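K.L.:
Residue strings, one per chain:
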Amino acid sequence: MYFVKRLFFLVPLLLVISFLAFALVRAVPGGPFDRERKPASPEIERNLRAKYHLDEPLLQQYFRYLAGILHGDFGPSLKYRNHSVSDIIGQGLPVSLTLGAAAFCFALGAGIPLGFFTAARRGRWQDYAGSLAALLVICVPGLVIGPILIMFFAIKLRWFPVALWGSPWHAILPVLTLGLYFSGRIARLMREGMLATMQAEFITAARAKGLGQFAVLAKHAFPIAVLPVLSYSGPMLADLLTGSFIVENLFQIPGIGVFMVNSLLDRDYTMGVGLVLLYAVLLLTLNLAVDFAYTVLDPRVNYE
Amino acid sequence: MKQMSFSPNQRAWRRFRRNGVGMACCFVLGFIVAAILIWPLFSRPQIAPHLPPGMTHAPNAVSDAQFQPPGGQYWLGTDVHGRDLLSRICNGARISLLVGIVGTAVSLFIGVLWGAIAGYCGGRCDAVLMRCVDVLYSMPSIIFVMLLITTLNAWLAKWQTGPERLSDAAVQWLQFTALFGGLGAVSWLPMARIVRGQVLSLRHRAFVDASRVLGAGHWRILRRHILPNVYGVIIVYLTMTVPSIILYESFLSWLGLGIQPPQASLGSLIASGSEQINSIRVYWWLIVFPGAVLALTLLALNFIGDALRDAWEPRGEL
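Chains A and S, in that order, give the protein sequences.
Residues in the first sequence are numbered consecutively from 1, following this note's numbering.
Residues in the second sequence are numbered consecutively from 1, following this note's numbering.
Pulled out of the complex, with its shape left as it was, chain S reads as follows:
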């Protein structure tokens, strides 16, 4: 039998795969993603605007017939416009997850680049870059995201109706970009700090000096020798950033500052459910189902993050 040897990263992945809870949560998350992607194929009108048979939409009529409780034809009930809630949730969860992933990618890109440059160059460059991080850190980030996104959304709304009007699809994409950019722009700071610290401690290790002596350029040293060693920390931190960005997004959309109707995210679905709270009839499904999907996603991501941390930073059997 040939002696097998593994890199630290490979060993960490093996440890992760043996973690039952972590793997179970991967399956849960995979199931949610699969459901989001597959369900729209089966429900023809995507944001199903169909009322129960024999019902016409009369916004001024005193009736709550558009709110069908869960069951039969509409598995999760229907919303305020008589739309199928399951389709809405699939749409909303898709956008929430997309925002989480792309926002995290933005924060990954800025944070790793910033931290790696600061840590690798050191000296004055490091000081300047990290002072910037300190200043940004001390700003009330959620409030700046709110400011940034209302400003961008208002500009987009103006372009949408203005003389040189953009197509709706273009505006939608710009809105998403604003959201991704805004959320990513405030969540890269911890990443930059962590990466910088790691790079700083790796920079003067013998293997880095060795490759420098061999004539490797800065870029090659960073990419081939330093960043692979930071990989584990980055992955662990990424799984913590995704839920926090999803939460940020649902928070903004709940307040009406994020995703704009007719698009939906989990946060805006819950918000439109909370608007229907009244003391006569309780439409619990409007809040419970999107809330459950949100909570389940966050729970799964948290467990996966814990499992990854255990895999990369084994502290013995506690």
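One chain only, chain A, in its complex shape:
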């Protein structure tokens, strides 16, 4: 029941978001047709504005836009006028989703073993080295790590392509740039979870049965200790899928992040609002799904 209510709550929320975005984007001085063919005659500009209904009052434009969305039409892009916003999203979204999903897998695949390992070697030099690495990775943001990776691995060593998208080979550096921060967070969560679990009595019991160190850690402690990681991975997925602006700009990846930033700079109204709506829908549904997954995974959580 609670989730049905939240699902219905999404509709007014999306309306508010779309209106805010619509009004904010249009409040920017200057229009989408400012920069082309400088001495465009006033008639041409007036006709262009009329063609895209930019001469109507704001509310009327907004309702026209909403009506379009109900028909599945996000309007034409005002910058790339031969393409509709839906076209561009259709081309860019799979790229962004692939990138986000790959970074997600990398963060889990690198973070969980690192956290496990440092917890198992607690207090020895391996623990300090691993924990320091995790912390470093958290504190060096992607916008620093990305260019450094490019300069070192792509330009100096020439192991990987510098930019663009296409083969798995192209994906390695962007995925690292995007995923390293999260792998550090996951490693720390995993380590803390393991340390807390290892103090529990059932671990002592398992040791008393004479189980080896690895069996105790992997079979008894791990399934409990991984729970905080799981609950963090929901918001993390949302962040990864919607947060690749920098990586896409840096590596010239044709995803939707690049279009989002450019649409704001180019005053491409329809594209900007369409992308904001897309991000909002992604984020809201993912959050809802995460909350729903909690109730399934952990029966103690109750939102009623």
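One or more hints might be untrue.
[To be verified] Just so you have them, the derived chain S footprint on chain A, three or more residues with Cβ under 8 Å:
1) 21 to 27
2) 124 to 134
3) 250 to 262
4) 280 to 293
[What the hints assert, rightly or not] Computed from the model, here is a short list of chain S residues facing chain A with C-beta under 8 Å:
5) 102
6) 136
7) 140
8) 146
9) 148
10) 208
11) 211
12) 215
13) 251
14) 254
15) 291
16) 302
The hints are simulated quantities; they were obtained by calculation from the structure and are not laboratory data.
These figures come from a predicted structure and were not determined experimentally.
All C-beta atoms, glycine included, are put in the ideal place defined by N, C-alpha and C.
Since chain A is already given, all that's left is putting chain S on it; use the hints.
P.N.:
For chain S alone, coordinates are given in the frame of chain A:
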């Protein structure tokens, strides 16, 4: 010897001062701040636009003489316009830290006020205020900051060139204000939630009732009896907000939406360094040094945050 007694907050500060890593990071941060403040006094042209001797600036010439590698006269090298990178970094780090601190102060002010009122009043007022927080929470905040700041920056650019033109300094200040306001406005939500929860649990404690019986007003109860007990949580949360706002700011400036040239922040310095990446010569210092300052600042702030959390929420010796 007189028996000394300490308030919980004093005890927490004592615990914090005994934490070696935390104190070391305070010194690192202090060193960075001192360097930022003191260096400009020694380097005369602040954003040093001086080329190496015998060199004139020729933007169309095929030359990379303006990029001096680190060493000798320019400790950290020079940037694309032949400016001393160390001075640029000092300028940029000053702005980044300023944005972090002022943005945090904005979020502190809104968040504490909002949360305290919601928690203290309770009932319908609480419900309305917290529903607002829920709605704002579910919005894609980074995207709204991007929208907000491009809109404000575009207006400022228009005023700068428009008929009733503002002075450059005024526009710069307005730009900063837009950035502070925008960043603060999206990061107060967790603060409001935390403060509200704490105030809610303190509101019906005996000492609050006692002071109410003594005739204290609402404002006095909040200020003298409730907020001091929330103090620790607020401080811990503040040290986590500063790095996240610095990161937000560098992110926006990297994308060209935040601090505008000729002003610089760490993010925009790194961005202008990334623009110079080419396959012929590697100007690594343009990225590594500002990146290192950014990372060091974030690292120090994170450690300080951890130490403060340990000081205020001791969970025994883990």
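K.L.:
Does each hint hold? Answer for all of them.
P.N.:
Comparing the hints with the structure gives:
| no. | hint | result |
| --- | --- | --- |
| 1 | 21 to 27 | holds (count 4) |
| 2 | 124 to 134 | violated (count 0) |
| 3 | 250 to 262 | holds (count 3) |
| 4 | 280 to 293 | holds (count 4) |
| 5 | 102 | 20 Å, violated |
| 6 | 136 | 10 Å, violated |
| 7 | 140 | 5 Å, holds |
| 8 | 146 | 6 Å, holds |
| 9 | 148 | 7 Å, holds |
| 10 | 208 | 30 Å, violated |
| 11 | 211 | 36 Å, violated |
| 12 | 215 | 41 Å, violated |
| 13 | 251 | 7 Å, holds |
| 14 | 254 | 5 Å, holds |
| 15 | 291 | 3 Å, holds |
| 16 | 302 | 6 Å, holds |
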